[in-house]
Amino acid sequence: MGGLDTLVQSLVSGASFGSVYALVALGLVLLYRTTRILNFAHGDLGVTGTFIAYTLLTQLRIPFGLSFLLALVAAAIIGILVYLLLVRPAKNQSELGLLILTLGLALALGGLDALFFGNDNKIVPTLVTDRILRFGGVSLSLVSIVTALLGVVLMVALWALLTYTKLGVAMRAVAQREDVAEAMGLPVRTVLMATWAAAAVLATAAALLFAPTTLLNPTMMLDPLSKGFVAAVIGGMNSLPGAVLGGYMLGILELLVGVYVSLEFKASFAFLVVILVLVLKPHGLLGRPDVKRV
Amino acid sequence: MLFRERYENDLWLIRGSQAWVVAGLAGALLLALPFLVKGYLIYNFTLFFVYALVALSLTVLVGLTGQVSLGHAGFLAAGAYVHAVLTQHDWPFLLALLAAMAVSAVLGVIIGVPSLRLEGPYLAIATLGFGLAIQQILNNWAFVGASTGTIVDRPVLLGIDFYGDRAYYYLVLLLAGVVTWMLFNIERSHVGRAFRATRDADLAAQMSGIGLARYKTLAFVISATVAGLAGALYGPLVGYITPESFNLMLSIKFLLMTLVGGLGFLPGALLGAGFITGLDVYLSTFRAWSQLVFGAVVIAIMMLEPAGLYGRWLKIRRFWKSWPL
Numbered sequence: 006m007g008g009l010d011t012l013v014q015s016l017v018s019g020a021s022f023g024s025v026y027a028l029v030a031l032g033l034v035l036l037y038r039t040t041r042i043l044n045f046a047h048g049d050l051g052v053t054g055t056f057i058a059y060t061l062l063t064q065l066r067i068p069f070g071l072s073f074l075l076a077l078v079a080a081a082i083i084g085i086l087v088y089l090l091l092v093r094p095a096k097n098q099s100e101l102g103l104l105i106l107t108l109g110l111a112l113a114l115g116g117l118d119a120l121f122f123g124n125d126n127k128i129v130p131t132l133v134t135d136r137i138l139r140f141g142g143v144s145l146s147l148v149s150i151v152t153a154l155l156g157v158v159l160m161v162a163l164w165a166l167l168t169y170t171k172l173g174v175a176m177r178a179v180a181q182r183e184d185v186a187e188a189m190g191l192p193v194r195t196v197l198m199a200t201w202a203a204a205a206v207l208a209t210a211a212a213l214l215f216a217p218t219t220l221l222n223p224t225m226m227l228d229p230l231s232k233g234f235v236a237a238v239i240g241g242m243n244s245l246p247g248a249v250l251g252g253y254m255l256g257i258l259e260l261l262v263g264v265y266v267s268l269e270f271k272a273s274f275a276f277l278v279v280i281l282v283l284v285l286k287p288h289g290l291l292g293r294p295d296v297k298r299v
Numbered sequence: 597m598l599f600r601e602r603y604e605n606d607l608w609l610i611r612g613s614q615a616w617v618v619a620g621l622a623g624a625l626l627l628a629l630p631f632l633v634k635g636y637l638i639y640n641f642t643l644f645f646v647y648a649l650v651a652l653s654l655t656v657l658v659g660l661t662g663q664v665s666l667g668h669a670g671f672l673a674a675g676a677y678v679h680a681v682l683t684q685h686d687w688p689f690l691l692a693l694l695a696a697m698a699v700s701a702v703l704g705v706i707i708g709v710p711s712l713r714l715e716g717p718y719l720a721i722a723t724l725g726f727g728l729a730i731q732q733i734l735n736n737w738a739f740v741g742a743s744t745g746t747i748v749d750r751p752v753l754l755g756i757d758f759y760g761d762r763a764y765y766y767l768v769l770l771l772a773g774v775v776t777w778m779l780f781n782i783e784r785s786h787v788g789r790a791f792r793a794t795r796d797a798d799l800a801a802q803m804s805g806i807g808l809a810r811y812k813t814l815a816f817v818i819s820a821t822v823a824g825l826a827g828a829l830y831g832p833l834v835g836y837i838t839p840e841s842f843n844l845m846l847s848i849k850f851l852l853m854t855l856v857g858g859l860g861f862l863p864g865a866l867l868g869a870g871f872i873t874g875l876d877v878y879l880s881t882f883r884a885w886s887q888l889v890f891g892a893v894v895i896a897i898m899m900l901e902p903a904g905l906y907g908r909w910l911k912i913r914r915f916w917k918s919w920p921l
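Protein sequence lines correspond, in order, to chains Z and L. Using the working numbering, the letters of the first sequence map in sequence onto residues 6 to 299. Using the working numbering, the letters of the second sequence map in sequence onto residues 597 to 921.
If we strip away everything but chain Z, and leave its shape as in the complex, we get (with noise of 0.2 Å):
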């Protein structure tokens, strides 16, 4: 097999890594630049919507496409639950004691998840049962392009909502002046509940792609989660774009250096990576710093 089939392939299994975490960071971008909290408790939120998938599918025979369809359903109500009844009314408003308070839900989410479905593996089946193709000398597993278009067609259309529904107009006021959006008559609550319940949905959309690529237990969303923080961080905290752009260089990257460098220091590479983009550009790619006044 020559260098250049190599290459591909790793750039194809890459970018669906990547698409994974690109998911994961937008869901922790649109709800930070809207509400100001660094949700930990992403991973478990998507784990209990995968979670839910899976008794579906398995438990109740409810065919594929239903299934996950009513997993992201629940994982909106959820996330609009987590918003009225924990964030909402929060004595400790400060960015840190929320960002604690989604510590603490990631910990009972967890908890809980392990309880009612166990800390066992449990295989989830795919979407298409897997096959190897090959092009010429270059072989590419099915599953891993499915990941990759699948993150991109999300990713299209939360593009689509944030730009030309009414909810995403509202959505994007929000996240710039929470207090003016509220004075032009915007009903923040709602806009706010609308982004929790979004951020759900992406939190389970990338641990529904992620989990046929592993097995799924209530601990399988902490390494994308992490990933997906640093290609959050990586792109910028406030910018879409860039959370996508820090997912896909973040998931190319990382199987690069894992092909090409050493397997050990891939698991550690993605934090190496961080702190020298934040060194040089402290608010990420594209990110843009908090104008503060005094």
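Among the hints, a few may not be true.
Within a straight-line C-alpha distance of at most 25 Å, the following computed SDA-like cross-link-like pairs (lysine to any residue) qualify [unchecked claim]:
#: 1; chain 1: Z; residue 1: Lys127; chain 2: Z; residue 2: Ala272
#: 2; chain 1: Z; residue 1: Lys96; chain 2: L; residue 2: Phe915
#: 3; chain 1: L; residue 1: Lys911; chain 2: Z; residue 2: Glu100
#: 4; chain 1: Z; residue 1: Lys286; chain 2: L; residue 2: Lys634
#: 5; chain 1: Z; residue 1: Lys286; chain 2: L; residue 2: Leu814
#: 6; chain 1: L; residue 1: Lys911; chain 2: Z; residue 2: Gln98
#: 7; chain 1: Z; residue 1: Lys127; chain 2: L; residue 2: Glu840
#: 8; chain 1: Z; residue 1: Lys96; chain 2: L; residue 2: Glu715
#: 9; chain 1: L; residue 1: Lys634; chain 2: L; residue 2: Leu621
#: 10; chain 1: Z; residue 1: Lys96; chain 2: Z; residue 2: Ala188
#: 11; chain 1: Z; residue 1: Lys271; chain 2: Z; residue 2: Arg93
#: 12; chain 1: Z; residue 1: Lys96; chain 2: L; residue 2: Met899
Derived from the structure by calculation, the hints contain no laboratory data.
Following the hints, put chain L in place on chain Z, whose structure we already have.
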């Protein structure tokens, strides 16, 4: 002595006769404790001292200076591993302790200097990355035992064998006590005030002649050094360290200690360390529920009392002292 009215009030380490009585009783209790309780409780109290050191160090960083760290287990790991490797190469215990603190301090500078330009989420993720990177480097480094970890012995100092739980308890109590006293002193000195000034209004602090770069880095270095010391004491306590002992969950627990106790109060860090360590030990008997209960407790405290346990205590005390006003 309800509110601070004069500058001298700010300087007192222990305020008023009641505080002296409380401090004296607590000290006597801690000294007598190994003869009052069973063996495994002595171990748990020693663990509490170690965690309290980390919680205090994190309070200096997060509470006083306002810089978040989600990777404090990394500093703990650095201290523990440096100490373990050096004592295995026949370094004396105390020298290895100093070396562990020095290496941790250097790491503190390495993380602290870039952190000057980072704020909020960026710093949180950078420190998170630091903690995870340290863990993964140790995991792949054959020299320090990779993922199987390494054995750490308890020391023999001045002819005294600290192998027993009770003897080691006193050693940790002594070192932790001295460092705690030093941290309380830092907090009430001009350095502590500079830390709080950079936290509350960094621009105003800079205008008043406080070098932000200097104090923000200093906070990181102090915090990392103390965490390194805690790591060096942690290794011999548990006897066996693996990279997995310093995972993200531990960093999160340290952050929880500072917040549950009351962010920005050093006594709060002690309360929080006691609360979280106690909860951890208590919940370890029923594993299946522990994570859920842990999360629920954290959520409850964040939702109900932003000032933490110590903040609640201050409110209660203020209420009774000024009653019936």
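Going down the list of hints, with the structure as the test:
For the given pair, Z:Lys127 sits about 24 Å from Z:Ala272 by alpha-carbon distance, which is consistent with the 25 Å threshold. In summary, the hint linking Z:Lys96 to L:Phe915 is supported, as the alpha carbons are separated by about 20 Å, within the 25 Å threshold. Note on L:Lys911 and Z:Glu100: the hinted pairing holds, with a Cα-Cα distance of about 23 Å set against a maximum of 25 Å. Restraint check for Z:Lys286 and L:Lys634: not satisfied, since their Cα atoms lie roughly 54 Å apart, outside the 25 Å limit.
Between Z:Lys286 and L:Leu814, the direct Cα distance comes to roughly 23 Å. Compliance with the 25 Å bound is thereby established for this hinted pair. The hinted pair formed by L:Lys911 and Z:Gln98 meets the criterion: a straight-line CA distance of about 19 Å does not exceed 25 Å. Annotation: proposed proximity of Z:Lys127 to L:Glu840 holds, straight-line Cα distance about 24 Å (limit 25 Å). For the proposed pair Z:Lys96 and L:Glu715, the alpha carbon gap of about 23 Å is at most 25 Å, so the pair holds.
For the suggested pair L:Lys634 and L:Leu621, the alpha carbons sit about 21 Å apart, so the restraint of at most 25 Å is met. A C-alpha spacing of about 24 Å is found between Z:Lys96 and Z:Ala188, which places the hinted pair at or below 25 Å, so the restraint holds. Our distance criterion of 25 Å between C-alpha atoms is broken by Z:Lys271 and Z:Arg93, whose separation comes to about 39 Å. With a CA separation close to 5 Å, the supplied pair Z:Lys96 and L:Met899 stays within the 25 Å bound.
In this structure, the hints that do not hold are numbers 4, 11, in rising order.
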